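S.K.: Sequence:
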Amino acid sequence: MRVLRAGKPDYAERSAPARKIARLSDELADELNRFDAEPLRPAEINRLLTGISCAAGALTRVLDELRASPVLAHAENDLALPARRSVLAELAQAAAAAEDLMVTSAGLSRVLPRVLSTVDYVPPQDRR
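Residue numbers for the sequence shown follow the working numbering, so the first one is 4 and each next one is one higher.
Honestly, the hints are just simulated from the structure, not real lab data. All figures in this text were calculated on a predicted structure; none of them were measured in a lab. Note that the Cβ used here is the ideal one computed from N, Cα and C, for glycine as well. Hints may contain errors.
[Stated by the list, open to error] Just the calculated beta-carbon pair ranges, DEER-fashion:
| # | residue 1 | residue 2 | range |
| --- | --- | --- | --- |
| 1 | 110 | 84 | 36 to 42 Å |
| 2 | 75 | 113 | 31 to 37 Å |
| 3 | 34 | 71 | 24 to 30 Å |
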């Protein structure tokens, strides 16, 4: 894979789905790196948790597909087998962690007090 300016890989030689997933992963990482936390309004908390859950679910599926990819699933020779097993084990752990994040985010969203999950609640002392 060639690398373009600013350290960005060139995905031109990849298939369309692989290019899109790789590009979106790069964009998401860039956005999250630039994310500057500011106080969330109550209604944003549920949307954020739902978004995290959806993103984690998508990452779980991508990691599962990577584990099943023919490049990793079939060893060309016995010399590559230990390294391949290690990569597959790490991908399985990453997929499990992403699934945990998905379940936890969804669970938190469900147990949020109603006032935090539906409207931009303003405490009585802050109302004017």
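S.K.: State for each hint whether it applies.
M.R.: Hint-by-hint comparison with the structure:
no., hint, result
1, 110 to 84: 36 to 42 Å, "38 Å, holds"
2, 75 to 113: 31 to 37 Å, "35 Å, holds"
3, 34 to 71: 24 to 30 Å, "28 Å, holds"
Hint compliance for this structure: no hint is broken.
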